[in-house]
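Novice: Sequence:
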Amino acid sequence: METQVKSAGKRRDLRQDDLIAEVGSGGLGCCGWLLVILSGLLTFFLFPFTIWFCIKIVQEYERAVIFRLGRITDRKAKGPGIFFVLPCTDSFVKVDLRTVSFDIPPQEILTKDSVTVCVDGVVYFRVSDPISSVANVSNADFSTRLLAQTTLRNVLGTKNLAELLSDREGISHSMQASLDEATDPWGIMVERVEIKDVKLPQQLQRAMAAEAEASREARAKVIAAEGEMNASRALKEASLVISESPSGLQLRYLQTLTTIAAEKNSTIIFPLPMDVISHFMRK
Numbered sequence: 001m002e003t004q005v006k007s008a009g010k011r012r013d014l015r016q017d018d019l020i021a022e023v024g025s026g027g028l029g030c031c032g033w034l035l036v037i038l039s040g041l042l043t044f045f046l047f048p049f050t051i052w053f054c055i056k057i058v059q060e061y062e063r064a065v066i067f068r069l070g071r072i073t074d075r076k077a078k079g080p081g082i083f084f085v086l087p088c089t090d091s092f093v094k095v096d097l098r099t100v101s102f103d104i105p106p107q108e109i110l111t112k113d114s115v116t117v118c119v120d121g122v123v124y125f126r127v128s129d130p131i132s133s134v135a136n137v138s139n140a141d142f143s144t145r146l147l148a149q150t151t152l153r154n155v156l157g158t159k160n161l162a163e164l165l166s167d168r169e170g171i172s173h174s175m176q177a178s179l180d181e182a183t184d185p186w187g188i189m190v191e192r193v194e195i196k197d198v199k200l201p202q203q204l205q206r207a208m209a210a211e212a213e214a215s216r217e218a219r220a221k222v223i224a225a226e227g228e229m230n231a232s233r234a235l236k237e238a239s240l241v242i243s244e245s246p247s248g249l250q251l252r253y254l255q256t257l258t259t260i261a262a263e264k265n266s267t268i269i270f271p272l273p274m275d276v277i278s279h280f281m282r283k
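Just so you know, we're using the numbering used here here: the sequence shown kicks off at 1 and counts up by one.
All clues given are correct.
Below, simulated DSS-like cross-link-like pairs (lysine-lysine); rule was C-alpha separation at most 25 Å, straight line: (1) Lys76 <-> Lys56; (2) Lys94 <-> Lys76; (3) Lys56 <-> Lys94; (4) Lys159 <-> Lys196; (5) Lys221 <-> Lys236; (6) Lys112 <-> Lys199; (7) Lys159 <-> Lys112; (8) Lys199 <-> Lys159; (9) Lys112 <-> Lys196.
Label pairs and their calculated CB-CB ranges: (10) Leu204 <-> Arg126: 33 to 39 Å; (11) Ile51 <-> Pro105: 44 to 50 Å; (12) Ala225 <-> Cys118: 38 to 44 Å; (13) Asn230 <-> Leu204: 38 to 44 Å; (14) His173 <-> Ile82: 40 to 46 Å.
Calculated directly from the structure, the hints in this document are not laboratory data. Even for Gly, the Cβ is constructed at its ideal location relative to N, Cα and C.
The whole structure should be built from the sequences, with the hints applied where relevant.
Specialist: This is the structure:
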């Protein structure tokens, strides 16, 4: 992620240098300078009235890109605060530098494993270069919105359903890098991209629920079988201990009688060993 941010910063610096060189290389020409001089003289002679047309103010979160006879006058946007323009030859465009957020409409996407899902998200971006956002694209906000929808389809089309459900953070970073690289010539910096919701078809939801239920039942049966096996082993060890001491078996009988009597039962069963009963039967 840090490497992507550094590369994006380098690209912005190179683009800014190219734009500065382009702005500085052009001139107004003889006719242009003549019109500028005439406009300046007109402003000077009609100073009390024209001063209200020359003073412009932009807010702290805004910048002004000034055009003089259709050309950008300065290498840097004006503002915030007060600045001056020539009323006849200059025009300016305000650019908002605040972070803008918008929802990506739900998109029907076919994943890599041929599963149709409906995915939506949210994007946060801001204008990093006012001059590029005005000179290089007609509507930076609308263009970024359309590009976000296309990027969402392209990125999620290369992912499996399992990756889409488990690796949302990685998908968000990948979308942010792709969007930031594509919108860099427009002077737009994409700050954050988040996947909001992934809607699966009803049949697929039922199939996944049945698969999860079967998996839980299988684990429950394995755990129950392991419990029976451990219990049988414990009973075997207990029988071996009791068989070594006949008095231990009698004590076990008495303990059983005590347990039955504590429950206030009207019937008490006396357990007798089979060898004793067989002895009486032979007589």
